[in-house]
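Colleague: Okay, here's what each chain looks like letter by letter:
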Amino acid sequence: MSLFTWLRPSLPAAVDPAMRQRLAQLPKPAPPGVHPLREQRWVVIDLETSGLNLNRDQVLSIGAVAIEDGAIDFSQQFERTLHRPAQKTNPSVLIHGLGPDALAAGSAPATALLELLEFIGDSPLLAFHAPFDQHMLGRALKDSLGHRLQHSFYDVAEIAPMLNPDTVMREAGLDDWIGHFGLQVDERHHASADAQVTAELALILFSQARRQQLDSPLQLSTRLQQWRRRKAQSHSW
Amino acid sequence: MSKKDAYSQAGRTAVLQNIQGTLQFLQRFPPFKQMEHSHLAFLVEQCQLRFHASGESIIKPADGPVEHFYIVKQGRVVGERQHVSQAGVETTFEITSGECFPLAALLGERATRTEHVAGEDTFCLQLNKAAFIRLFSMSDVFRDFALRGVSSLLDQVNQQVRHRAVETLGSQYSLNTPLGELAMRHPVVCTPDMPLREAVRLMHEQQVGSIVIIDPQRFPIGIFTLRDLRQVVADASAELSAPIALHMTAAPFYLAPDATAFDAAMAMTERHIAHVCLVHERRLCGVVSERDLFSLQRVDLVHLARTIRHAPRLDTLVSLRGEISQLVERMLAHGASSTQITQIITLLNDHTVCRVIELALAERGDPGVAFSWLCFGSEGRGEQTLFTDQDNGILFEADDTAQADAHRRALLPLAQYINQCLAQCGFSLCQGNIMAGNPDLCLSRSEWARRFAGFVREASPENLLGSSIYFDLRAVWGDEQAVEQLRQGMLAQVRDNRIFQRMMADNALRQRPPVGRLRDFVLTRQGTDKAATLDLKVQGLTPFVDGARLLALANGIGACNTLERLRQLVAREVIDALDGAAFEEAYHFIQQTRMQQHQRQSRANQAYSNRLDPDSLNQLDRRILRESLRQAQRLQSSLALRYQL
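Here the protein sequences come in this chain order: A and B.
Plus 353 on top of the position in the first sequence (first one is 1) and you've got my numbering.
Plus 35 on top of the position in the second sequence (first one is 1) and you've got my numbering.
Since the hints were made in silico from the structure, they are not lab data.
Everything numeric in this text was worked out from a predicted model, so none of it was measured.
Even glycine gets a Cβ: it sits at the ideal position worked out from N, Cα and C.
All the pointers check out, no bait thrown in.
Partial chain B-side listing against chain A, Cβ under 10 Å, derived:
1) T57
2) F60
3) V79
4) E80
5) C82
6) Q83
7) L84
8) R85
9) F86
10) E91
11) K108
12) S132
13) D156
14) L160
15) Q161
Make a model of the complete structure from these sequences and hints.
Modeller: This is the structure in structure tokens:
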């Protein structure tokens with residue numbers, strides 16, 4: 354046994370050798386490329402959690418939608434409710450609607466999360482208020498699989514105001530942008546329905562980005578960094 | 036396992052909420068709502084959802100053979116075709132939520148002929164060709180739709196029309212209809228002391244099989260039927276002058292008007308009777324015969340026509356109007372088209388007019404001058420609905436002005452009387468006084484010819500309006516030959532007068548079909564109306580009627596009926612066969628929608644109106660109405676092109 358193996362934190366008990374092998378086979382996340390946006394596969398993700406506490410609350414369900422070849426592909430969708438037997442009913446059940454029964458019937462978190470990673474592959478992730486999803490997913494992966502989340506996240510809540518500087522909305526939420534672009538939603542606060550509408554929003558934003566000569570993941574990510582810096586500066590004045 | 040396979044494998048393992056949502060979305064629209072669930076699920080699973088910003092081209096002729104089937108999920112796609120004659124593009128169609136494209140190109144494995152452009156920010160579901168073909172082979176509904184396109188939608192509408200009409204009749208096959216709705220006419224009644232002979236005469240006049248004997252409170256104390264009459268005749272000792280009370284069946288069986296046809300049918304079979312009285316609050320309110328119960332299955336047009344033709348008095352004709360309305364309802368239930376129904380209404384109206392004239396002649400005496408009774412406008416075109424007013428005139432022969440004046444004096448009182456009688460029969464008096472009783476419309480043949488020549492020579496606004504009414508003329512009663520001669524003269528003048536044609540074209544373009552570029556319908560609000568509406572007659576039918584009239588007159592076609600004119604124009608290659616068929620279908624659909632509305636209004640005891648709120652239609656009807664109005668628009672633009680307006 355090498356020293357490194359010994360120093361590495363031990364894997365959670367739920368991870369069996371077969372899963373370990375699958376984890377090892379996962380592709381490395383690709384850095385932002387210079388190819389057109391249309392050629393990039395994206396995964397739009399939305400998590401329903403037991404609450405907004407970054408350290409205490411748990412991921413309850415995951416919805417993910419793939420954007421490939423510039424379109425939402427209905428044959429590539431991901432949806433899991435996680436098995437959370439200990440989850441007490443708290444007020445956020447009113448938002449996500451996942452009652453104890455649904456959670457008790459859910460998939461084992463380790464399996465579901467591994468399948469999610471396989472679904473994501475090397476694609477960058479898109480989410481609305483991405484830092485929250487990034488943190489919650491990161492913690493869940495660490496807890497259940499002992500896996501470190503390395504994928505880059507693009508925040509739709511940042512891309513939208515960056516590409517639409519004339520639209521003045523303070524602290525605009527997903528519903529505000531849905532309303533702004535006149536999107537039709539059947540159901541909100543359901544992980545995959547939210548992922549779906551976020552993906553539709555992303556399609557509109559990519560179309561805008563192309564017209565603003567931001568037609569590659571790298572250009573988009575660079576512009577986002579500049580935009581964030583400028584915003585921070587304007588705030589400090 | 037390849038990367039892509041792994042992705043789809045991972046994605047497929049659960050019940051997918053978004054697929055469910057999209058499925059439910061599609062299930063709101065034909066043909067998807069008729070498709071089997073598993074086929075629809077296959078369609079959605081194979082779909083991609085793509086965004087097209089406003090103005091973006093989705094497919095264009097230069098793209099080569101079409102590779103995808105598209106369904107608009109949200110937004111609007113417009114078809115743009117290069118103008119043949121001038122620069123720029125014209126919008127040929129609009130496709131909105133739940134509609135799909137480009138079927139013809141996809142099935143023909145060719146490029147689209149029309150560029151499809153996003154008219155606003157649009158999301159389309161996109162199905163690749165392989166999946167389309169698979170779906171095509173799996174689903175009969177989808178195949179039927181793909182092959183027959185909009186005409187299969189029209190079939191569905193017709194089925195719906197039939198279905199709805201059947202529903203309002205309580206369905207001809209179900210016996211759940213309340214009896215009150217089946218008793219179609221007032222019962223024939225008499226008092227117990229009426230002599231038998233008198234009562235039988237009453238039955239004969241009213242063409243009924245039973246007479247109900249009532250007490251002073253209108254409670255039925257007996258019934259006398261044709262079967263009882265048979266017994267009376269068989270009984271040699273019976274006295275025809277005896278009071279009917281001696282021969283009636285006392286204490287007849289009765290039911291409440293809200294009892295069902297089934298109850299009546301049961302009673303009839305149990306008691307071996309053929310008539311059931313309807314009694315509401317101890318007052319007789321109707322009689323249902325065995326025949327009434329089953330006549331729902333027969334449309335007895337011949338009988339009604341005969342009854343009208345032999346009506347002994349004006350009152351009888353007045354009472355028969357209600358039966359025409361009933362007949363129309365039954366015809367709709369039996370799946371008759373609006374064209375068949377307008378034909379039948381015209382036929383029955385013609386019979387009524389003839390009978391009114393005959394009765395008037397009998398009552399007022401022969402004026403001693405032979406005349407033809409003319410009708411104009413919708414009556415002249417044979418396109419009447421139940422909601423109709425009089426447009427008529429008289430034509431007679433005269434050698435000179437003096438004789439014409441003398442004949443006119445002799446005919447006018449009779450004509451005015453006929454107008455009044457027709458008004459009683461439900462043909463409302465014409466507000467513009469286009470009636471035979473008006474001295475200006477009771478003319479000799481040469482006076483009519485002069486008047487028509489004036490219309491063509493001097494195209495003033497009044498004359499143009501006049502030509503649009505009077506040039507659709509027909510003889511209902513009297514000599515038809517004289518009218519034909521008049522028509523031929525008029526056709527020759529119109530054919531030679533290009534300026535008049537151009538003015539008529541200009542006039543025909545005045546009523547624009549209410550479809551816009553941006554919104555699907557252009558509606559107006561009338562007075563205090565809550566909902567904005569469009570006028571099915573003026574904005575929907577008139578463009579077809581005016582267009583067909585102009586083209587027919589300009590090409591020497593004598594027919595007056597709009598559909599007949601269109602058919603003859605196609606036969607003479609004035610208009611393209613496909614266009615002709617499309618115009619016919621569109622005209623037909625608008626007329627059908629209008630008639631259904633009239634039936635609905637008549638049932639609700641509302642005044643007839645041609646104004647329709649498109650939102651009151653279902654998705655399918657709305658869509659077809661919009662397409663139909665677009666056809667009217669196309670007819671108008673072809674006129675504009677032809678006459679360079």
